[in-house]
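Spelled out, the chains give:
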Amino acid sequence: MLLLLLVPQISDLTGQAYYIGFFTRVVAFAIAAVSLDLILGFGGMVSFGHAAYLGVGAYALGILLRHGVTNALVHLLVAMAASALVALLIGAVSLRTKGIYFIMITLAFSQMLYYLGVSLSAYGGDDGMSLPARSDFFGVLDFASDTALYYFAFGMFVIFFWISRHLVMSRFGVVIRGTKSNERRMIALGYPTYRYQLLAFVISGAMCGAAGMLLANQALYVSPSLMQWSRSGELLVMVLLGGMGTLYGAAVGSLVLMILEKLLSHVTDHWPIILGLILVTVVRFAKRGIFGWLTQTRPAHANGKKDG
Amino acid sequence: MAEALLHVQNLTKRFDGLTASDGIDIDIADREFHAVIGPNGAGKTTLVSQLMGELEPDEGTIKFAGRDVTRASANARALLGIARSFQISSVFPEFSAIENVSIAIQARSGHSFRFWGDALRDPAICEPALAALEQVGLADRAQVLAGHLAYGEKRALELSMVLAARPRLLLLDEPMAGMGNQESVRILRLLAALKGSVTVLLVEHDMKTVFALADRISVLVYGRILATGRPEDIRVNQDVRTAYLGDSGSA
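So the protein lines, in turn, are chains A and B.
Each step along the first sequence adds one to the number in the numbering used here, with nothing skipped, and position 96 is 96.
Just add 308 to the spot in the second sequence (first one is 1) and you have the numbering used here.
None of these hints come from the bench; they were simulated from the model.
Be a bit skeptical, because a hint or two may be false.
Derived Cβ-Cβ restraints for the label pairs, each shown as a range [unchecked claim]:
| id | chain 1 | residue 1 | chain 2 | residue 2 | range |
| --- | --- | --- | --- | --- | --- |
| 1 | A | Ala108 | B | Gly486 | 11 to 21 angstroms |
| 2 | A | His67 | B | Ser417 | 42 to 52 angstroms |
| 3 | B | Gly486 | A | Arg184 | 12 to 22 angstroms |
| 4 | A | Ser230 | B | Gly425 | 32 to 42 angstroms |
| 5 | B | Ser417 | A | Leu73 | 31 to 41 angstroms |
| 6 | A | Ile100 | B | Asp541 | 47 to 57 angstroms |
Footprint (simulated), chain A over chain B, 3 or more residues, beta carbon under 8 angstroms [unchecked claim]:
| id | stretch |
| --- | --- |
| 7 | 388-399 |
| 8 | 408-416 |
| 9 | 422-436 |
Counterexamples of contact, computed for chain A against chain B with all Cβ distances above 10 angstroms [claimed, not checked]:
| id | residue |
| --- | --- |
| 10 | Ala92 |
| 11 | Val93 |
| 12 | Met129 |
| 13 | Asp142 |
| 14 | Met156 |
| 15 | Val283 |
Since the model is a prediction, treat every value here as computed from it, not as a measurement.
Note that CB positions come from ideal geometry on N, CA and C, so glycine has one too.
Same shape as in the complex, but just chain B (with noise of 0.2 angstroms):
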């Protein structure tokens, strides 16, 4: 494996006695396609705050791109080129479709102190954020309010805004939690569309998904790493059978 975009070397976060993370070693190489599977309460979500910089980690090391970002605050990462769906969808619902993904799009386009002009008429970024919603299917949306799109349409806002942040590496937190069958298609095409074209960490519950798009995949029960590997070793490791996928191996 070439020299890896993210490197994580013994990460632990605990809560009150609870070991959220404990001692996750993880290395993701660049433009690697990486799932995280687990069952409910394994610490994925922890996992993801973490590599984002809203949690602070007891122990253990996070570098990415060569760079020590351990201590780095979450607005400095993204600016390094890290961005995060959460799994509730984020969004800024007083502001519409279009308006959210030129807010993302402002981030990388230097600072912000700029005190005249019409920020979200300036076609330097709208135009590129109405691409960014063609691409998940939302141009004809633009101008509805984020916090009037569908559930559906929310969480595709969503990873529009931060796929228009252009990140290196891309924090996916279920990003087809409670999705229609058409929705998750949609998805499932935009990230199938994604791979190999950027560094994605999907934390995600739907098997087929993960099974169909990773190039490696990591399993995390009880905050530890199980097993990582490529998704037919995954598949037949007795291990993660038994602690995770059920011996029926329904996978």
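In isolation and in its complexed conformation, chain A is listed as follows (with noise of 0.2 angstroms):
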């Protein structure tokens, strides 16, 4: 935690500037990986589509960019507001499924949506775009610099993953857990579960979104491959590593896989082979993930599987 305050001062010592944006991606990662596993671990919605908020939050940039709107808090807004529209309407539907069909299903938006993308030519279509600049604080905070951008996604992060703590633990995360664990019992107990639980999916949506905002602020581009339905499933495997139900597990679970990404493809091209035994090796060994492993203890009220 200190060492990722310290990111950019080490990434100055080191002369490695490429640092600072990297661990930029990791900490919006990180948000992206805790909104889904807000939904996943707590709430038990395998959301195969959630790199669908990334991009719509990173299309609400750069369409504001595009016509001259530069304020950062607007873009936030706007980003987590649109992702939020696109859940609701996403969860609407799926949450009418269960089991493989919500999987399925938030999967087939998400397509949806990076084909929107590709069909966008005013906005670049298939290639993406680059944006001009990046969100402007009111002056104050000069995006320009990657040490600025780096502590403004590593604050929201913070209290993003601070909001989530809460929520898990109020009135409301208790619906949620309880209907993971026994919906039809707590239908019988008198809760209309379907609409927490969309309430779940829309914050989830709309968190993620502003970790998309982010990216393309990083990036100065935005393209419909944010959406590809792989980025999905990279989300999900980052809270599977990192131990799911936890939210811990997911940032750290997102911290471990791009780095290990990134290391592995130095050493070779055939990467991708040695990240998946690494992860069944976690998945085999280690349940409740690097996280849960580390901490050997179970943590309250948060383990992934059902027992007996």
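The two chains are supplied separately, each in an independent frame; assemble them into the complex guided by the hints.
The structure is reproduced here in structure tokens:
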């Protein structure tokens, strides 16, 4: 954690300015993974289309910048509102289904958005679009500086993480977790579970949209590839690798996965094979993921699997 | 009989040619202890599921406390005061016993669109939850994960959750099925204590329990009500004896 705070300084010292950008992306993906864990690890909703919200958030930024809106706060709010709206529509339909159908329908929706991105020729279509500049934070923070953007992203991560921690412990969180555990019982107790799940889905989507806005800011580039289904898979892997239902796990998972990808791709072009082996090992031997394995205690009401 | 709390008329449910409920009429008075008995496959659980709102009937009406709830969702009925236990205990295995009851209590204390605060440590919920566990003799198991409880304890826990919701009508689907002797004695005592304070519809195989507790008994055979009456009437009813109790009249 402390090391993450010092990323820009370390980056300066080592003369590898590249690291700041990399870790900005790590932090943004950590936000996305935490948002996914919120509904996956706590709500049992296996969204296989979470990259869609990254895309919506990124495109919100791109389109606003294209039309001369430069304020970061406006970017953030619009990115989150747009993602929330998309999540509301997707969730309203998807949450009528369960299990494998839910997985497939969320995937289908994200593919629709992917192809929508491809067809948006005014905004780059298949090639995507380069952004003229980064968001501007009331002239106080200049995101043209990688350091400022990094700290902004890091601050957002801390805020979202803190909100999520509270959310899962609250009454609302209890309903979400209870529904994952035994929906039939929840309904028989009087909970209209659909409404609660839908709101969780929307909150998760909005948070993921913020991550998309950060990613686009970092890369100064927006393209449909952000919404590819493999990206959604990557987010799922981050959560599984780190450990579902802990929030910490999602953050650890995104950090580990991205570093592994980076390191392994230096070693061999066939790095996905090694990554796959590592993932299988983790899932086989540390069912609660890296974070669960590191802490070795049962996180309160947060284990991924049903017992007995 | 006073105005019935539950008024069921001509309830019919078909599954591909099998008529699981065949024009069922039942009236249950407020605070009555009503038992439903019948052989396996008579449609007892189907009846309970329709009363709870988990299954939609093909025909007929269900009125609860004067309201037509035939098309009301299960969660809406729960909030009106109907609660059920399942034949296979339905608890939250990843939560501790006391948390299970807390979730039940939270359901009845307003909406849950509250996003801050540690809900399961809220004394306003924990204290009544512990009291509910005491009622079924599980207080010393409060911190054990429900998934790790013994079979009978799970049943007791579910009963305690259902009671904690303070229902007006309790639908109990074989609460003692598969229980050990000691455990069923405990549940039996609890049911006896409930009698008169809450309306109960009990589906049960154990004839001793049924005849000891019920104010009235309905006999369900092939989806039809064969007879309804006081235990002493049911015991001597010739139709019931041939169809269900067996001519030996072991009850």
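Hints versus structure:
As the Cβ distance of Ala108 (chain A) to Gly486 (chain B) is approximately 43 angstroms, the hint placing it in 11 to 21 angstroms is violated. In this structure, His67 (chain A) and Ser417 (chain B) meet the distance hint of 42 to 52 angstroms, their C-beta atoms being roughly 48 angstroms apart. Here the CB-CB span from Gly486 (chain B) to Arg184 (chain A) is close to 19 angstroms, well matched to the stated 12 to 22 angstroms. Roughly 39 angstroms separates the CB atoms of Ser230 (chain A) and Gly425 (chain B), a value that falls within the hinted 32 to 42 angstroms.
A beta carbon spacing of about 37 angstroms between Ser417 (chain B) and Leu73 (chain A) agrees with the range 31 to 41 angstroms that was offered as a hint. Against the hinted window of 47 to 57 angstroms, the Cβ-Cβ separation of Ile100 (chain A) and Asp541 (chain B) comes to about 52 angstroms, which satisfies the hint. Given as covered by chain A, the stretch 388-399 of chain B passes the check, having 5 residues with a CB less than 8 angstroms from a CB of that chain where 3 are the minimum. Remark: the stretch 408-416 of chain B is confirmed as covered by chain A, as 6 of its residues place a Cβ nearer than 8 angstroms to a Cβ of that chain, reaching the required three.
Note: the stretch 422-436 of chain B has 7 residues with beta-carbon separation from chain A under 8 angstroms; the three-residue rule is met and the coverage holds. Here Ala92 (chain A) stays apart from chain B, with its beta-carbon at least about 17 angstroms from theirs, past the 10 angstroms limit. Every beta carbon of chain B lies more than 10 angstroms from that of Val93 (chain A), the smallest distance being close to 19 angstroms; the non-interface claim holds. Non-interface call for Met129 (chain A) relative to chain B: holds, since the shortest CB-CB distance, roughly 36 angstroms, exceeds 10 angstroms.
The Cβ of Asp142 (chain A) sits about 34 angstroms from the closest Cβ of chain B, beyond the 10 angstroms cut-off, so the non-interface label holds. For Met156 (chain A), the shortest C-beta to C-beta distance to chain B comes to about 18 angstroms, beyond the 10 angstroms cut-off, and the non-interface label holds. Separation of Val283 (chain A) from chain B is adequate, the least Cβ-Cβ distance of about 19 angstroms exceeding the 10 angstroms criterion.
The structure is inconsistent with hint 1 alone, although it conforms to all the rest.
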